[in-house]
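Protein chains: 2
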Amino acid sequence: MISSKHLIRDEDIELEDIGGGLTRKILGYNHQLMLVKVWFEEGAIGYIHEHYHAQSTYVESGEFEVTVGDEVQTLKAGDSFFIPPNTKHGAVCKKAGTLIDTFSPVREDFLKDF
Amino acid sequence: MISSKHLIRDEDIELEDIGGGLTRKILGYNHQLMLVKVWFEEGAIGYIHEHYHAQSTYVESGEFEVTVGDEVQTLKAGDSFFIPPNTKHGAVCKKAGTLIDTFSPVREDFLKDF
Numbered sequence: 001m002i003s004s005k006h007l008i009r010d011e012d013i014e015l016e017d018i019g020g021g022l023t024r025k026i027l028g029y030n031h032q033l034m035l036v037k038v039w040f041e042e043g044a045i046g047y048i049h050e051h052y053h054a055q056s057t058y059v060e061s062g063e064f065e066v067t068v069g070d071e072v073q074t075l076k077a078g079d080s081f082f083i084p085p086n087t088k089h090g091a092v093c094k095k096a097g098t099l100i101d102t103f104s105p106v107r108e109d110f111l112k113d114f
Numbered sequence: 115m116i117s118s119k120h121l122i123r124d125e126d127i128e129l130e131d132i133g134g135g136l137t138r139k140i141l142g143y144n145h146q147l148m149l150v151k152v153w154f155e156e157g158a159i160g161y162i163h164e165h166y167h168a169q170s171t172y173v174e175s176g177e178f179e180v181t182v183g184d185e186v187q188t189l190k191a192g193d194s195f196f197i198p199p200n201t202k203h204g205a206v207c208k209k210a211g212t213l214i215d216t217f218s219p220v221r222e223d224f225l226k227d228f
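Chains as they are written, first to last, in the working numbering: chain A, 1 to 114; chain B, 115 to 228.
Treat the hints with caution; some may be incorrect.
[As the list claims (entries may be wrong)] Ranges between beta-carbon positions, derived for each pair:
#, chain 1, residue 1, chain 2, residue 2, range
1, B, Y166, A, K94, 37 to 43 angstroms
2, A, D17, B, K202, 33 to 39 angstroms
3, B, E128, A, E41, 22 to 28 angstroms
4, A, K5, B, N200, 16 to 22 angstroms
Derived from the structure by calculation, the hints contain no laboratory data. Glycine included, each C-beta is placed from N, C-alpha and C at the ideal position.
Given only the sequences and the hints, what does the whole structure look like? Please build it.
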């Protein structure tokens, strides 16, 4: 059974550079659920893509033009979005900030040891 | 099939007073996954409890003494914690702040219309 640690200090988690002005930390997870913090530089793009996982995201800071299916809105700190499984989505960062992305089930493709 | 809206503006979501210095907003969800923002006043307590849902939480602001099973640590903004299903956990707010709680599956007990 895969699982993160239970109590997670920010400074203990590796910051991964995933290219294109995006960095991330993989925080708490098991096979059902994963929480990932993603930093966007201004102008960075989460290109339109889809996956079978459900995704619920909280905008912690910054400003993002978010697309889910055929809906598009500019969202800022405190706003959020939900992506049903197998639904095209993406985000263009208008002001640098962070997203708290959560997935169910786990994004096994994010885990090196999976 | 239950689901929140896809694009969620903070000001459109009801702030629920759940007592004891705690308020919350239920953000994006479907049957698999739910994201909830919880505000704690200083001294507010999330009493030790357990549930069959997995939980992954991000500390957005403030300071919390967090218990998961027999582990206890004081966590602050940027830290996080993971609670396996059926594991006792709680949080005591040491400095006012917000937690981003996520659950899998959905916390059907949080939905009035479920």
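Falls inside 37 to 43 angstroms, the C-beta gap from B/Y166 to A/K94?
holds (40 angstroms)
For A/D17 and B/K202, compare the CB-CB distance with the range 33 to 39 angstroms and indicate the outcome.
For A/D17 and B/K202 the Cβ distance comes to about 37 angstroms; the hint holds.
Does the hinted range 22 to 28 angstroms hold for B/E128 and A/E41 at CB?
violated (34 angstroms)
Is the hinted range of 16 to 22 angstroms satisfied by the C-beta distance from A/K5 to B/N200?
Check passed, 18 angstroms falls within 16 to 22 angstroms.
Of the hints listed earlier, the one the structure fails to meet is number 3.
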